[in-house]
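**Student:** Each chain, letter by letter, is given below.
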Amino acid sequence: MSAPGSIPWLLAHELRLAWYGAAVNAGRKGGKGGKRRPGIVGIVLGIAVYVALHAIAFALLRKLDGGPLPEAVLAMPLAIVLAVCATFMLSSTLKSCVVAMFERGDLDLLLSSPLPSRSIFAVRLLGIAASTALPYWFLAGPFANMAVVFGHPGWLGLYVAVGACAMLMACAGMLLTLALVRVLGARRTRVMAQVVGAIAGALIFLLTQAYNLTRHDNDATPMLLALLNGSHRFGPDSALWLPGRAILGAPGPLLGALVLAALAFALTAGRTHRFFVHGLQQAAGSARVQARPAGALRFRFRASLFDTIVVKEWRLIARDPHLIAQVLLQLVYLVPLFVLIMRGNAAGPALGAGLTLLCSSLTGSLGWIVLSAEDAPDLLLAAPVPRRTLQLAKLAAAAMPPLLLVALPLVWLTVHAPVTGLLVAFTVTGAVLSAGLIVLWVGRPGLRSDFKARGKENFLCNMLELANSLCWGGLGWLLVALATQGETWTWKASAGTLAAALGILLLARLLRRRPL
Amino acid sequence: MTGDTPALRLSGLAKSFGRPAVDGLDLTVRRGELYALLGPNGAGKTTTLRMVTGLLAPDAGHVEVLGIDLARDPAGAKRGMAYLPDDPLLYGKLKPTEYLEFVAGLWGIRAQDAEPRARRLLDWLDLTKHAHELTEGFSRGMKQKLALAGALIHEPQLLILDEPLTGLDAAAARQVKDLLVSHVEGGGTVILTTHILEVAERLAQRIGIIRQGRLIAEGTLAELRERTQAGSLEDVFLHLTEGHAQ
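So the sequence lines, in the order shown, correspond to chains A and B. Numbering (this note's numbering) for the first sequence: 1 to 516. Numbering (this note's numbering) for the second sequence: 1 to 246.
It should be emphasised that the hints constitute simulated quantities derived from the structure, not laboratory data. There's no promise every hint is true.
To be verified - To give a feel for the contact side, a few chain A residues facing chain B, derived at Cβ under 7 Å:
{"hint": "1", "residue": "P251"}
{"hint": "2", "residue": "D375"}
{"hint": "3", "residue": "L381"}
Stated by the list, open to error - With a Cα cut of at most 30 Å, we get these calculated BS3-like pairs of lysine-lysine:
{"hint": "4", "chain 1": "B", "residue 1": "K143", "chain 2": "B", "residue 2": "K95"}
{"hint": "5", "chain 1": "B", "residue 1": "K93", "chain 2": "A", "residue 2": "K452"}
{"hint": "6", "chain 1": "B", "residue 1": "K129", "chain 2": "B", "residue 2": "K93"}
{"hint": "7", "chain 1": "B", "residue 1": "K143", "chain 2": "B", "residue 2": "K93"}
{"hint": "8", "chain 1": "B", "residue 1": "K177", "chain 2": "B", "residue 2": "K93"}
{"hint": "9", "chain 1": "B", "residue 1": "K143", "chain 2": "A", "residue 2": "K452"}
{"hint": "10", "chain 1": "B", "residue 1": "K129", "chain 2": "B", "residue 2": "K95"}
{"hint": "11", "chain 1": "B", "residue 1": "K143", "chain 2": "B", "residue 2": "K177"}
{"hint": "12", "chain 1": "A", "residue 1": "K452", "chain 2": "B", "residue 2": "K177"}
Said to hold, decoys possible - Distance windows between CB atoms, simulated:
{"hint": "13", "chain 1": "B", "residue 1": "H62", "chain 2": "A", "residue 2": "S304", "range": "49 to 55 Å"}
{"hint": "14", "chain 1": "B", "residue 1": "D113", "chain 2": "A", "residue 2": "V41", "range": "55 to 61 Å"}
{"hint": "15", "chain 1": "A", "residue 1": "A18", "chain 2": "B", "residue 2": "D26", "range": "23 to 29 Å"}
{"hint": "16", "chain 1": "A", "residue 1": "V41", "chain 2": "B", "residue 2": "R19", "range": "28 to 34 Å"}
{"hint": "17", "chain 1": "A", "residue 1": "F138", "chain 2": "B", "residue 2": "H62", "range": "56 to 62 Å"}
{"hint": "18", "chain 1": "A", "residue 1": "R315", "chain 2": "B", "residue 2": "R19", "range": "40 to 46 Å"}
{"hint": "19", "chain 1": "B", "residue 1": "I216", "chain 2": "A", "residue 2": "T389", "range": "38 to 44 Å"}
{"hint": "20", "chain 1": "A", "residue 1": "A407", "chain 2": "B", "residue 2": "D178", "range": "32 to 38 Å"}
Quick caveat, the model's predicted, so the values are computed rather than measured. For every residue, glycine included, the Cβ atom is placed at its ideal position computed from N, Cα and C.
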């Protein structure tokens, strides 16, 4: 039993909170209904998935085990995968650091106690690193475990390498957040850190797309062969692949990873704990903006109820950094499509599908925020407002941003390839309207802070949204293929997909929640 | 709608959540009076108010607001009424000016009427200097005062408040009480629930006490004292609610 106030004691407290947090994430019943631990169903499901992953790992490794696959070569893809994971980890730790700083949780209680701020900060940093590493340990761990069965105990180094990587990213995320606080101030940091986190999460995607869009020969085989046979300057012996070797259990790289992570942790915790506390103090007052003299009051009362509601919804969206980050992340994935359009490769069916899918997904997200996550539903219910006007205005507030976003590329596309442009405009409009209506009909009230967990909250709505996106996205692909390639089978496929999309909408209508 | 029409008339109002929360409640509140609805925890006060304001559909009974049947013409009934729950209906990411713009828009108030009212209310409630801050950074008292400003921006004839003084400091509580008195003096009607019996004792012209969803006593303070032979409202309240419990 650790002494009260010690780092292990605080760590146990942090773990307990994480366990209860898992209960809340496992379902709102856990969060609101007083149940503090994940349900038996959640635990059994988790164990089942973990066992299944072991089975998959066993099958894959058995195939690999027979063939000649030197670990030096294997280290290369593993290092690349770890680098990709590192960008996701950085995105995740940035979000966790913002949450730690701005949502605080029990930090006010801890910091008002006589515990040293260094211990509190160190434990919070460890918590961020552990919660970041956990999903990767869960998903990749079975491969390391099964490798032991096949006589490769060194592969257990994966746990150390992933943990070290998570710790390095936690330190990088924390230092970046604190640096942003110092440079931009607490209020702007909240938005900026979310944006940086979103971009970090999509970094690999952006890099690969930039590579694809800037090179003109689409064959990367010669470069890959040169890498594998050692004639490339980044051959198997390159220091670039050390992380991969650490995963495979090479003692030197493994020790290096451990030392690097420990050093980063010690330096970050030891040198920046005071600034963390200072950042927390700044964050506490970040909601306030500079007071203006009384005479500077400015009102903009609007004549139309519709405008009043739309403006209010857009203001709330624009001021929520979490939501902006989520929406930006989706926009990041639109960039390569826009580039494709501008480069004149507009005829590709993938373009129709991509634009439609992304607009549908964006409308679903905005629709949930505007329709389901209303902060003051009682105010609207108590107001003498026709429900239809209210719903229409909210739908418009959710649908307009995606439509405006793709308006310019669509106009460009329509000018250069009129039939394709009009067909994509049709599928985009259909997808956007359907996504909004699905959220309106089967969406359940939720809190804005639960944006990321909305899929778990309302599985039915999430599935209908997904099916809707896929149907309209598929229709976008098929219609553009029909217009450009003219293959007859696409007629029937298009008709079937359109029927499926309308069927999903009808199903959502039939399953709609009864209003008051 | 005439001056004789009560501000609020409830007849046979009932709502059950497994067990009856409001059980055939009959209640009439006259225009131009401050009516305090008292009762122990779980007596059905908030449920009653939520049905009156259209937030909850009753299982049975009728609600008439300013002579308008809430079920038949909800928009008409809501137009002359404002509701301030114990948890203020605010948007953390809006500034007070924007919140008042929004509420005025919901009640369809013209800009030329809404703007001077908004300025006056913010000034009266000492919120002008905070008018450009997001409400998420406000204290409980500031939030409550802003919600009250929102409730008053359309100059409702009937103001319904659920525990309006909870969490307010002495100065803020005084401001809110003055505002309620002023509203009644201006011809408006106020219905409030409160656990602070001194407030009801000092402000209310009539008091209704409910228990287990039923009105067990009603009248002026003097009438209730006479009926129970008790001294203060606290004594009256305890006598009636505990008496019924036995």
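**Student:** Determine for every hint whether it applies to the structure shown.
**Tutor:** Okay, the hints, checked on the actual structure:
1. P251: This hint is violated: A/P251 lies away from chain B, its Cβ roughly 52 Å from the closest one there, beyond 7 Å.
2. D375: holds (5 Å)
3. L381: Holds, because the Cβ-Cβ distance from A/L381 to chain B comes to roughly 5 Å (cut-off 7 Å).
4. B/K143 with B/K95: holds (11 Å)
5. B/K93 with A/K452: holds (19 Å)
6. B/K129 with B/K93: holds (17 Å)
7. B/K143 with B/K93: holds (13 Å)
8. B/K177 with B/K93: holds (28 Å)
9. B/K143 with A/K452: holds (28 Å)
10. B/K129 with B/K95: Holds, at about 12 Å.
11. B/K143 with B/K177: holds (16 Å)
12. A/K452 with B/K177: Violated - the C-alpha atoms of B/K177 and A/K452 are around 42 Å apart, more than 30 Å.
13. B/H62 with A/S304: 49 to 55 Å: violated (34 Å)
14. B/D113 with A/V41: 55 to 61 Å: About 56 Å separates the Cβ atoms of B/D113 and A/V41, which means 55 to 61 Å holds.
15. A/A18 with B/D26: 23 to 29 Å: With a Cβ separation near 53 Å, A/A18 and B/D26 fall outside 23 to 29 Å, so the hint is violated.
16. A/V41 with B/R19: 28 to 34 Å: Holds, at about 30 Å.
17. A/F138 with B/H62: 56 to 62 Å: Given about 58 Å between the Cβ atoms, the range holds.
18. A/R315 with B/R19: 40 to 46 Å: Holds - the Cβ-Cβ distance for A/R315 and B/R19, about 42 Å, lies within 40 to 46 Å.
19. B/I216 with A/T389: 38 to 44 Å: holds (42 Å)
20. A/A407 with B/D178: 32 to 38 Å: Check failed, 53 Å falls outside 32 to 38 Å.
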